[in-house]
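Asker: One letter stands for each residue in the lines below.
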Amino acid sequence: MSRLAKVKVETTTVHFVRPLLGFNDDTFELAQHDADYPWFTLSVADAEFPSFITVDLAAAFTDLSIDIPDDIAADLNAEDIDALLILGIVNVADGFTVNLAGPLVVNLTAQTIAQVVQDADLPTAAPLNGGN
Amino acid sequence: MLVLTRSSNAGVQIGDEIEVVVLEIKGDTVKLGFSAPQSVRILRSEIAEQGSSENQNSAVRTASLNNIAFPALEATS
Numbered sequence: 001m002s003r004l005a006k007v008k009v010e011t012t013t014v015h016f017v018r019p020l021l022g023f024n025d026d027t028f029e030l031a032q033h034d035a036d037y038p039w040f041t042l043s044v045a046d047a048e049f050p051s052f053i054t055v056d057l058a059a060a061f062t063d064l065s066i067d068i069p070d071d072i073a074a075d076l077n078a079e080d081i082d083a084l085l086i087l088g089i090v091n092v093a094d095g096f097t098v099n100l101a102g103p104l105v106v107n108l109t110a111q112t113i114a115q116v117v118q119d120a121d122l123p124t125a126a127p128l129n130g131g132n
Numbered sequence: 133m134l135v136l137t138r139s140s141n142a143g144v145q146i147g148d149e150i151e152v153v154v155l156e157i158k159g160d161t162v163k164l165g166f167s168a169p170q171s172v173r174i175l176r177s178e179i180a181e182q183g184s185s186e187n188q189n190s191a192v193r194t195a196s197l198n199n200i201a202f203p204a205l206e207a208t209s
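The listed protein sequences correspond, in order, to chains A and B. Take the first sequence: its letter number 62 is residue 62 in this note's numbering, and every next letter is one higher. If you count the second sequence from 1, you need to add 132 to reach this note's numbering.
A hint or two may mislead.
Chain A regions said to be covered by chain B (calculated; three or more residues, Cβ under 8 Å) [to be verified]: (1) 59 to 65; (2) 86 to 92; (3) 96 to 110.
Here are some chain B residues the structure puts well away from chain A; computed CB gaps all over 12 Å [said to hold, decoys possible]: (4) Ser140; (5) Ile146; (6) Val153; (7) Val154; (8) Asp160.
Listed next, with one range per pair, are the computed distances between beta-carbon atoms [said to hold, decoys possible]: (9) Thr11(A) x Ala142(B): 51 to 57 Å; (10) Pro123(A) x Glu151(B): 32 to 38 Å; (11) Pro169(B) x Gly95(A): 37 to 43 Å; (12) Pro169(B) x Val9(A): 28 to 34 Å.
Quick caveat, the hints were computed from the structure, so don't treat them as lab data. We treat Cβ as the ideally placed atom computed from N, Cα and C, and that holds for glycine.
Could you build the full structure based on these sequences and the hints that come with them?
Answerer: Here it is in structure tokens:
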């Protein structure tokens, strides 16, 4: 998975088609963090918590392969897998690390999102270059 | 918690659409097979717990997003 071209995303309401692990909220606002591509914020609608900092994995990791099962792709109404935005949830408490084991897959067209837990043995706290 | 004793190749029906079958018992390891609708998420318990924990550890208050300095990134291969 690699994509060097920048994506531009307007603030978009997205709905989890499957629950985000550990949370019951299903409606979030996805926003590109100013012009500081490839950072995105994902904030629950109408509440102060939770919000997440996320990063476009295609930009941050050029040699990463993410498996998206057909049933989840169907739930996301994804007609073109390559058009999906793949985000990693970032933990800023201990430096900037990203969870590659549970990426978020976003279909901006359908405004759907899902966390796709990977079967492959991927790290939950991969360091981001430039994040230290 | 409901506890049932099952032998190899025996199963358990959960509702009308979910079946769990004991495929193999070897030492202290049990191999299970699941039949369920695609909409049902099936995860190893430790994976689900880890995923939940990771998400909760990464969650922040919306107001705090303004205080975070987002670094410039270099792609990692």
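Asker: Could you run down the list of hints and mark each one as holding or not?
Answerer: Results for each hint:
1. 59 to 65: holds (count 5)
2. 86 to 92: holds (count 4)
3. 96 to 110: holds (count 4)
4. Ser140: Consistent with the label, Ser140(B) stays out of reach of chain A, its closest Cβ about 25 Å off (over 12 Å).
5. Ile146: 19 Å, holds
6. Val153: 20 Å, holds
7. Val154: Per Cβ check, Val154(B) is outside 12 Å of chain A; nearest 22 Å; holds.
8. Asp160: 22 Å, holds
9. Thr11(A) x Ala142(B): 51 to 57 Å: 53 Å, holds
10. Pro123(A) x Glu151(B): 32 to 38 Å: 34 Å, holds
11. Pro169(B) x Gly95(A): 37 to 43 Å: This hint holds: roughly 40 Å between Cβ atoms.
12. Pro169(B) x Val9(A): 28 to 34 Å: 32 Å, holds
No hint from the list above goes unmet by this structure.
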